[in-house]
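Participant: Residue numbers (this note's numbering), protein chains in the order written: chain R, 1 to 110; chain H, 1 to 115.
It is worth saying that the hints were derived from the structure and are not from the lab.
No residue lacks a Cβ here, since even glycine has one placed at the ideal position from N, Cα and C.
Be careful, since some hints might not be right.
Only part of the chain H face toward chain R is listed, based on derived beta-carbon distances under 10 angstroms [unchecked claim]:
{"id": "1", "residue": "Phe62"}
{"id": "2", "residue": "Phe105"}
{"id": "3", "residue": "Gly108"}
DSS-like, lysine-lysine: derived pairs with alpha carbons at most 30 angstroms apart [stated by the list, open to error]:
{"id": "4", "chain 1": "R", "residue 1": "Lys70", "chain 2": "H", "residue 2": "Lys68"}
{"id": "5", "chain 1": "H", "residue 1": "Lys58", "chain 2": "R", "residue 2": "Lys71"}
{"id": "6", "chain 1": "R", "residue 1": "Lys14", "chain 2": "H", "residue 2": "Lys42"}
{"id": "7", "chain 1": "R", "residue 1": "Lys70", "chain 2": "H", "residue 2": "Lys58"}
{"id": "8", "chain 1": "H", "residue 1": "Lys114", "chain 2": "H", "residue 2": "Lys102"}
{"id": "9", "chain 1": "H", "residue 1": "Lys42", "chain 2": "R", "residue 2": "Lys57"}
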Amino acid sequence: NAGVTQTPKFRVLKTGQSMTLLCAQDMNHEYMYWYRQDPGMGLRLIHYSVGEGTTAKGEVPDGYNVSRLKKQNFLLGLESAAPSQTSVYFCASSPWHEQYFGPGTRLTVT
Amino acid sequence: QQQVKQSPQSLIVQKGGISIINCAYENTAFDYFPWYQQFPGKGPALLIAIRPDVSEKKEGRFTISFNKSAKQFSLHIMDSQPGDSATYFCAASMGGVDNFNKFYFGSGTKLNVKP
Numbered sequence: 001n002a003g004v005t006q007t008p009k010f011r012v013l014k015t016g017q018s019m020t021l022l023c024a025q026d027m028n029h030e031y032m033y034w035y036r037q038d039p040g041m042g043l044r045l046i047h048y049s050v051g052e053g054t055t056a057k058g059e060v061p062d063g064y065n066v067s068r069l070k071k072q073n074f075l076l077g078l079e080s081a082a083p084s085q086t087s088v089y090f091c092a093s094s095p096w097h098e099q100y101f102g103p104g105t106r107l108t109v110t
Numbered sequence: 001q002q003q004v005k006q007s008p009q010s011l012i013v014q015k016g017g018i019s020i021i022n023c024a025y026e027n028t029a030f031d032y033f034p035w036y037q038q039f040p041g042k043g044p045a046l047l048i049a050i051r052p053d054v055s056e057k058k059e060g061r062f063t064i065s066f067n068k069s070a071k072q073f074s075l076h077i078m079d080s081q082p083g084d085s086a087t088y089f090c091a092a093s094m095g096g097v098d099n100f101n102k103f104y105f106g107s108g109t110k111l112n113v114k115p
């Protein structure tokens, strides 16, 4: 089992560009989450999904959109990147309680 | 408003010493308290977790102490080793389907164990 994988690992964007981060899990988990990690701020929840076709806003959703068309995939989109979105993004999946994290995507917006 | 407050922000411990990281919460509806360990360039990984019906849980050198009345919980790392050097996050979540298993994370503690 690969667990939770994230694509890409690194990305540099110019302000105003768009991109999509892909998260995939092979554990058949219902719940999936997108977090951003910034120094001194821990992990903050951006969006989450409780099953295929469902999404909901987390703590810091502005500037991001998500989709979960297949149970195993959870996509995070940035429509118009801003320097404030420079961060490390983590995806997680969960059957209940324990959350399993991917290796992260380091995004820099210049 | 931060739901889970973690301290200290950084910690230096000598090899063989005890590392202690503390967390406090306000919401009494939380019923699951995990600790995650994160090495540089990696995602967080579950280290140990506790529910509020017990006051202590031990797994090897790692112990969670839980004080329900004070709304505090802490991670103790006994006989700390250089390989324990990492960032540690506490978290809390609520039961119930309506809460969707959302985690509230502390801000993290960077532990450095000196050889």
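Participant: Now tell me if each hint is right for this structure.
Facilitator: Here is what the structure says about each hint:
no. : hint                : verdict
1   : Phe62               : 16 angstroms, violated
2   : Phe105              : 4 angstroms, holds
3   : Gly108              : 5 angstroms, holds
4   : R/Lys70 / H/Lys68   : 40 angstroms, violated
5   : H/Lys58 / R/Lys71   : 35 angstroms, violated
6   : R/Lys14 / H/Lys42   : 25 angstroms, holds
7   : R/Lys70 / H/Lys58   : 38 angstroms, violated
8   : H/Lys114 / H/Lys102 : 35 angstroms, violated
9   : H/Lys42 / R/Lys57   : 25 angstroms, holds
The structure fails to meet hints 1, 4, 5, 7, 8 from the earlier list, while all remaining hints are met.
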